[in-house]
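Enquirer: This is what each chain is made of:
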Amino acid sequence: MEVPVLDVRDVTKVYGGGDTEVRALDGVNLQVERGDYVAVMGSSGSGKSTLMNILGCLDVPTTGTYLLDGVDVGSLGDEQLALARNRLIGFVFQAFNLIPRTSAVANVELPLAYSGMRAAERRRRAMFALDLVGLADRAEHEPDQLSGGQQQRVAIARALVTEPALLLADEPTGNLDSHATDDVLAVFDDLNAVGRTIVLVTHEEEVGSRADRLIKLFDGRIASDSRQEPVGRHAAAGVLS
Amino acid sequence: MNFIEIVRFALRGISANKLRSILTMLGILIGVAAVILLVAVGNGSAQAITTRIEALGTNTLTVMSASRESGDLTMRIAEALDDPVVAPDVRSVSPVVSTSATLTYEGAEHEISSLVGTTPSWFGASNSPVGTGAAFTADDEAQARRVVVIGRTVAEELFAGADPVGQQVTIGGALFTVTGVLKEKSSSGFQDSNDTAVAPIGAVRQVLAGYGPLSSILVEASDPSMVDTVQGEITTILDTRLESGSYRVQNASQLLETQTETADTFTTLLGAVAAISLLVGGIGITNIMLVTVTERTREIGIRKALGAPRRVILTQFLIEATLLSVIGGGLGVAAAVLGSRFSIVGVQPVIVPSSVVLALGVSVLIGLFFGGLPAARAARLRPIDALRYE
Numbered sequence: 001m002e003v004p005v006l007d008v009r010d011v012t013k014v015y016g017g018g019d020t021e022v023r024a025l026d027g028v029n030l031q032v033e034r035g036d037y038v039a040v041m042g043s044s045g046s047g048k049s050t051l052m053n054i055l056g057c058l059d060v061p062t063t064g065t066y067l068l069d070g071v072d073v074g075s076l077g078d079e080q081l082a083l084a085r086n087r088l089i090g091f092v093f094q095a096f097n098l099i100p101r102t103s104a105v106a107n108v109e110l111p112l113a114y115s116g117m118r119a120a121e122r123r124r125r126a127m128f129a130l131d132l133v134g135l136a137d138r139a140e141h142e143p144d145q146l147s148g149g150q151q152q153r154v155a156i157a158r159a160l161v162t163e164p165a166l167l168l169a170d171e172p173t174g175n176l177d178s179h180a181t182d183d184v185l186a187v188f189d190d191l192n193a194v195g196r197t198i199v200l201v202t203h204e205e206e207v208g209s210r211a212d213r214l215i216k217l218f219d220g221r222i223a224s225d226s227r228q229e230p231v232g233r234h235a236a237a238g239v240l241s
Numbered sequence: 001m002n003f004i005e006i007v008r009f010a011l012r013g014i015s016a017n018k019l020r021s022i023l024t025m026l027g028i029l030i031g032v033a034a035v036i037l038l039v040a041v042g043n044g045s046a047q048a049i050t051t052r053i054e055a056l057g058t059n060t061l062t063v064m065s066a067s068r069e070s071g072d073l074t075m076r077i078a079e080a081l082d083d084p085v086v087a088p089d090v091r092s093v094s095p096v097v098s099t100s101a102t103l104t105y106e107g108a109e110h111e112i113s114s115l116v117g118t119t120p121s122w123f124g125a126s127n128s129p130v131g132t133g134a135a136f137t138a139d140d141e142a143q144a145r146r147v148v149v150i151g152r153t154v155a156e157e158l159f160a161g162a163d164p165v166g167q168q169v170t171i172g173g174a175l176f177t178v179t180g181v182l183k184e185k186s187s188s189g190f191q192d193s194n195d196t197a198v199a200p201i202g203a204v205r206q207v208l209a210g211y212g213p214l215s216s217i218l219v220e221a222s223d224p225s226m227v228d229t230v231q232g233e234i235t236t237i238l239d240t241r242l243e244s245g246s247y248r249v250q251n252a253s254q255l256l257e258t259q260t261e262t263a264d265t266f267t268t269l270l271g272a273v274a275a276i277s278l279l280v281g282g283i284g285i286t287n288i289m290l291v292t293v294t295e296r297t298r299e300i301g302i303r304k305a306l307g308a309p310r311r312v313i314l315t316q317f318l319i320e321a322t323l324l325s326v327i328g329g330g331l332g333v334a335a336a337v338l339g340s341r342f343s344i345v346g347v348q349p350v351i352v353p354s355s356v357v358l359a360l361g362v363s364v365l366i367g368l369f370f371g372g373l374p375a376a377r378a379a380r381l382r383p384i385d386a387l388r389y390e
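From first to last, the protein sequence lines stand for chains U and H. Letter 82 of the first sequence, counting from 1, is numbered 82 in the UniProt record's numbering, and no numbers are missing. Letter 222 of the second sequence, counting from 1, is numbered 222 in the UniProt record's numbering, and no numbers are missing.
By construction, these hints were calculated from the structure, which means they are not laboratory data. Be aware that a few hints might be false.
[To be verified] Taking CB as the label site, the calculated pair distances span:
#	chain 1	residue 1	chain 2	residue 2	range
1	U	S44	H	L365	44 to 50 Å
2	H	R8	U	D182	33 to 39 Å
3	U	A136	H	R8	20 to 26 Å
4	U	G18	H	R20	38 to 44 Å
[Stated by the list, open to error] Partial list, computed: chain U residues near chain H (C-beta under 8 Å):
#	residue
5	D59
6	A82
7	F91
8	R101
Positions of the beta carbon are idealized from the N, C-alpha and C atoms, including for glycine.
For reference, chain U alone in the conformation it holds in the complex (with noise of 0.2 Å):
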């Protein structure tokens, strides 16, 4: 059987200590497997952010272990955690969180320049991918001249230039209005069609509907796990190649 992507063991992430301790994850359960889209809902306060930055290799459970792609992430050391996150993941923030006074595609290259690619060749993939959510345009400009769906797109284009196996998504239509969250789920769903694997975390209906599993969380702990028909799926699948 294949290794799933994710493989979340009994997860718990406690907060504060005492009197003002906060369970944000309690015993959570969770697997996905390779070319799956998954989306995450739960009010505010349910974990859901919590979990998003556990299977990010962003932050370290209290409890219990993560397994991605196979390997034990409590197990590495700084510079196999940083690998890991430059080769196998590519994370979407709610804030964007592009780097500031750079040009879209310096950012775009930044994950490619950390593992170490030459410019040139550098240069080519990025541009690739801002040609991908359709700012290739726009490679010139800096996160302050262009308009939150165009910086979430640039993010988004940063998260696949190294085309990572598993695309997490923290909230990434929360600050985007419903036209420039149309085209954000647009470039979700093609990636998702040429079998990326999509974690996302949404509270918004609309969003989560468009994912094939529909994973509940409650105070920290799995509510509802279910397969579901995806709706208002972008129709042009396999655009990508």
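Could you slot chain H onto chain U? The hints should help.
Expert: Okay, now just chain H, sitting in the frame of chain U:
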């Protein structure tokens, strides 16, 4: 990821926020330049004092009245000092009367604070050789001829480039013939030592000073090493003619010694002030480096999330801190060198090389340490903590 690539990242980091980079460098620049210049001014004034005293001549003694009222120094005493039996090591004795006077030449008028009336031996004893023309002679002195040797400043003020030798100037209503111009003296400090005129003592007394007591008597020893012996000899003579305590003898080498001590104290004082400014400058650098890195903690979080290892982030920030402090410090040294070309409050600064090394070294080290330390701390954070940092 290779080193050149990281350097390129650092350069991009510096140029991404030009204002912040410039301010950081400015802070370091001012710190370094202030320290170097301050020490240079202290050193310069100490050197100026030494040159000024050396210009007086180190083998001379000055006999003066203890107080202004008791004018007991007379020509007779001056003559008595020139005694080859009791005082064999005295080379020359020059009685001096000094008065202020106004010189006029064809309508041009110039006031000097010291018109010196003396004998020809004064030129040698006071280390004031004549540049152009000639000094007055012993014969001029004996006849009380109205001749005068003027200082360089006086020559420029009255004659404005023309040759003053042979011209006649009016001093105190009498005509004096200019026989020569004194060689330019290094003049540093508050008094212009070229703003003077020298005439035979007889003439000056006749025209201006009157026949009162002498201002001082300049005694020249035959050798700088004999100054102390000569002091003993003339004290013996003076004691027979004057009440002891009514006169004092000033020794140029003693003066030099005291002044050197004063100058050393002065330099130490300025050095202490410089050390404090270095400390304050260092705190300034620390401050701006801490702010710079703290402000970029979020950026460090983003970079870590994208897969930058700790080592790469740390190297990038260390290179940025190095470049900022080295460029800032280098510009500071340049500014100090440039500034030292101008005289500051009447003092020509002389740069002390060790102060350059110290100021530059301390600033660069502080910049590196306080640029590197918070960067190392931020690079050690979990990405999510760095990203959440406000």
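Enquirer: Compare the structure with each hint and give your call.
Expert: Hint check results:
no., hint, verdict
1, U:S44 to H:L365: 44 to 50 Å, "holds (48 Å)"
2, H:R8 to U:D182: 33 to 39 Å, "holds (38 Å)"
3, U:A136 to H:R8: 20 to 26 Å, "holds (23 Å)"
4, U:G18 to H:R20: 38 to 44 Å, "holds (41 Å)"
5, D59, "holds (4 Å)"
6, A82, "holds (4 Å)"
7, F91, "holds (6 Å)"
8, R101, "holds (4 Å)"
Against the hints set out earlier in the document, no violation occurs for any number.
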